[in-house]
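**Student:** Residue strings, one per chain:
4 protein chains.
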Amino acid sequence: MENKIFTVIGGDLRSVKLANQLMADGNTVYIYGFNNAGFEMGMTESKELEEAIIKSEVVIGPIPCSNDNETINAPFHSEKIHINEVFKIMSKNQLFIAGRIGDKIAHLAEIYNVYTIDLLDREEMAVLNAIPTAEGAIQIAMEEIPITLHDCNCLILGFGRIGKILGKMLHGIGSNVFIEARKYSDMAWIKSYGFNAVFINELNDCLSDMDVIFNTIPYMILDTNALSKLKSDCLIIDLASKPGGVDFEKAKSMGIKAIWALSLPGKVAPVTAAKFIKETINNIICELGV
Amino acid sequence: MENKIFTVIGGDLRSVKLANQLMADGNTVYIYGFNNAGFEMGMTESKELEEAIIKSEVVIGPIPCSNDNETINAPFHSEKIHINEVFKIMSKNQLFIAGRIGDKIAHLAEIYNVYTIDLLDREEMAVLNAIPTAEGAIQIAMEEIPITLHDCNCLILGFGRIGKILGKMLHGIGSNVFIEARKYSDMAWIKSYGFNAVFINELNDCLSDMDVIFNTIPYMILDTNALSKLKSDCLIIDLASKPGGVDFEKAKSMGIKAIWALSLPGKVAPVTAAKFIKETINNIICELGV
Amino acid sequence: MENKIFTVIGGDLRSVKLANQLMADGNTVYIYGFNNAGFEMGMTESKELEEAIIKSEVVIGPIPCSNDNETINAPFHSEKIHINEVFKIMSKNQLFIAGRIGDKIAHLAEIYNVYTIDLLDREEMAVLNAIPTAEGAIQIAMEEIPITLHDCNCLILGFGRIGKILGKMLHGIGSNVFIEARKYSDMAWIKSYGFNAVFINELNDCLSDMDVIFNTIPYMILDTNALSKLKSDCLIIDLASKPGGVDFEKAKSMGIKAIWALSLPGKVAPVTAAKFIKETINNIICELGV
Amino acid sequence: MENKIFTVIGGDLRSVKLANQLMADGNTVYIYGFNNAGFEMGMTESKELEEAIIKSEVVIGPIPCSNDNETINAPFHSEKIHINEVFKIMSKNQLFIAGRIGDKIAHLAEIYNVYTIDLLDREEMAVLNAIPTAEGAIQIAMEEIPITLHDCNCLILGFGRIGKILGKMLHGIGSNVFIEARKYSDMAWIKSYGFNAVFINELNDCLSDMDVIFNTIPYMILDTNALSKLKSDCLIIDLASKPGGVDFEKAKSMGIKAIWALSLPGKVAPVTAAKFIKETINNIICELGV
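Chains as they are written, first to last, in our numbering: chain B, 4 to 293; chain P, 4 to 293; chain Y, 4 to 293; chain W, 4 to 293.
I should point out that these hints are in silico values taken from the structure, not numbers from a laboratory. Values in this document were obtained by computation on a predicted structure and should not be read as measured data. Errors might be hidden in some of the hints.
[As the list claims (entries may be wrong)] Calculated pairs, EDC-like style, for lysine to aspartate or glutamate (alpha carbon to alpha carbon, straight line, at most 16 Å): (1) B:K186 / P:E282; (2) W:K186 / Y:D124; (3) W:K260 / W:D236; (4) W:K186 / Y:E282; (5) W:K91 / W:E54; (6) Y:K186 / W:E290.
Using the sequences and the hints, build the whole thing.
**Tutor:** Okay, here's the thing in structure tokens:
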């Protein structure tokens, strides 16, 4: 993708890197919403919102798009950027791409006749994001435990995107990988990949042997009963979005360390995360034939 | 699973091995339909169909169940075993499990009030079968090509069950694995697994570098145009069910070796194939709470 | 390496492929000793030995160089090619490279003032040859056993070149890999690579669980006592050079299948084997600064 | 190993964990040299050096044994423990095991007629230590770089113990692994393991593509010339013991981040490091038949 005109508006370090990468690919890129960044951006910010948007073909908002459904999520900006002002400036030939565009923002877009696409609805984006998430989880485990991951018993709860990729990486480092799932076909996949398959009803029996547990299931699975089976020095890393899958208070009271690690891609690998956003945007543009 | 009563009726070597394994697990097993086997069965066949079925809890037919929709597929038996006679003997408390139970047989089962389950509808069975299929494909490639699979350029067309497992095994041997797919999310998965992702529109550009191509897509993909891009000593192994994905005549006329390899599990690893059938049957029984 | 003049003299299919590859790299190549080949050589043979050798910079003999220490090992030639005639034609500026140049041939070379290098003394050649050897062993196992190598218990006796590479490949396919060794440091390596380490004094205890045993140790290790521990359907593949490591007669009498698989590179992957010979010859030429 | 009597004297956290593990295995363990530890030791320290040693069969000193060749390296102890006093108490039936027993200490041992074994002379110990070293290096890389190791270009300088194990782990995470070596046989090994082999004379050509460089070679290899080829955001992690292989001052002046990471096993995985020491001690005891 090149010779397109993009606007990157608000967002965290990933948005900055995304703007840099789009420019390096030969596109024209306007940015707005970073007046407070305090580091070298590698490009000049537009002075006005309108200036940033008016000539653009694709306007890229942050992930998540907003924390209040009214203003753009712009941690590096000193003033509020109202979403309706963004939409007011945009014409119907422009595309608005951002992450987690909720009902309220979508409704606003309709009113202003703005075409929007949610990055988090893109399956390839979700798959790619599992890579830095898995690496971030491994980094945390390495930092926390006094043993090597090599020859360590690691249990992954859930066999979705993160479970698959995390399992592969842990196996690659030399961990003994156990994956819990609850469908027979997942059991078959887990075995075929060379992991130890733990059917949900066998979970309790294997908990006491585990050194690290990675949870990816977004509902209570490590409850009082499960926690009571663990070794006291077992580490729990919960990667599941709210409400998570761990009774953190109970774990704490039992002296079991449990870490809730969210939004890892932007934290551990912002440049890679930006690259994955860029690739997904390119795919969207290709599909739309913009 | 143990202490159940099974009947294994007809089928190839897998059915024999299945019967042996069920018995070794502590079940009672009747067999019928092997009077011509000519090898040591390890157990005694029932003399009459009725004797074989009458006390059974689960009657297991072959994969595929029938080649003519009228008689049981029984290559080791000298006489025809009519499906309607099997069903006539069975009571409604007995379960009939077999592979590829077509509409006609299903209709017959309804008439006789027999409860049937098709093994090939079971996702875990399909996944597990991809393991011997992938190994069989590797064996054929090893036998046919005068180079090692190590450091060999292998292209897999399609990223379904076989594509995933075959890719993993080839990578494990040291091949340079390329996988073709046509969804962006599949591209993401392929990259995340460390394979070279080939988007469908890039396929033609990479064909000329390939040493072996494994097809898993059941429609014409290696047509005249694609074949013309290949090195003359490129080997094609088609694993797709009918109609396959290769223009075999054209390939032959161009001097390109193309092998259509079907039904590999029963051929290359009947004991493992039988084990996977057994596991799937156990899962069915668990689910039904029989 | 290019623009050199080579002679390839005698040898099996690998020598033919080697000549082809050297020519494809842009060298001039004379060949002699294939008048009986009966297949398309892709190049014209010299009519006389002298014509083939006289202009050459490097004369390449077969692997092994000779079976009788007097004539070149030339299975595709109808007449004998005497080594001393080869040496008589060669000048001291020419290099003679071949495999397994024994004392007698070396002595002859001294007499004729010919500089020789033995390919089998080259460590990189030995390492590279372990690749097709390991693949060949895997192919044989796949052909012989009715189970998949995936999830199969494979024991490798010895942790030398073949043991290491075979272990890696089997692990890559999904086998449960056990490797026997007798040094503590090898135990450490085996564990670090993620295999199951079997110390020599634990060998007897693990034999009964094995589905396939690959031996790489060239002295009797699978003797009557060890064989008596095996399952009757355990397959033995002996990759060790003479005298091998298996009591084959005893195995046969016990109904255990044991295959002595020698010289696999030339048999299973002659083109790759030729490439490895070529790379080694290039290394030799680089080192000598010829 | 059990029912032996050990003394653990001085050392860092690994020594504490080692004492705990030896006791957990069923041995009697005396400890001395931790009066300042400030954490729960899990066992009671002997009050006097003599009390700690007198009944012991094996006295285990730290790694390294001493920093001044006169006193035991005892970071958790408030007073000096003189090596000659340790040796004075020991009888000739006792064994002294520690790491890096230099000439001076060895000489002292001779005078006092004490039998000593240096842990760092044990090959298995060196191999096993490469596992936490490699993981520690990966942890540092993950913490430092804003990209994922997955699909990252990683160059390892040197193909010794650490190079081999680090290469395997990085490959397992999904890095593109390049390994530099200078022997043709190492090139062959590197290729056979599926890594990209970089011959020493090709090194300069590949430097500019690298994202992370891990050095294991203990002499200047990343000098001004090599550093000038790197991307400015390339990270260097030097794992080589003194004098290291990186011109750190030059790197700093060029804005290239270079980290000298020594003694990783004790830092990142003290429990695993202790386990490896214990296994090595067990091997020593087995060999000696003590």
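**Student:** Mind listing which of the numbered hints don't hold for this structure, in increasing order?
**Tutor:** none
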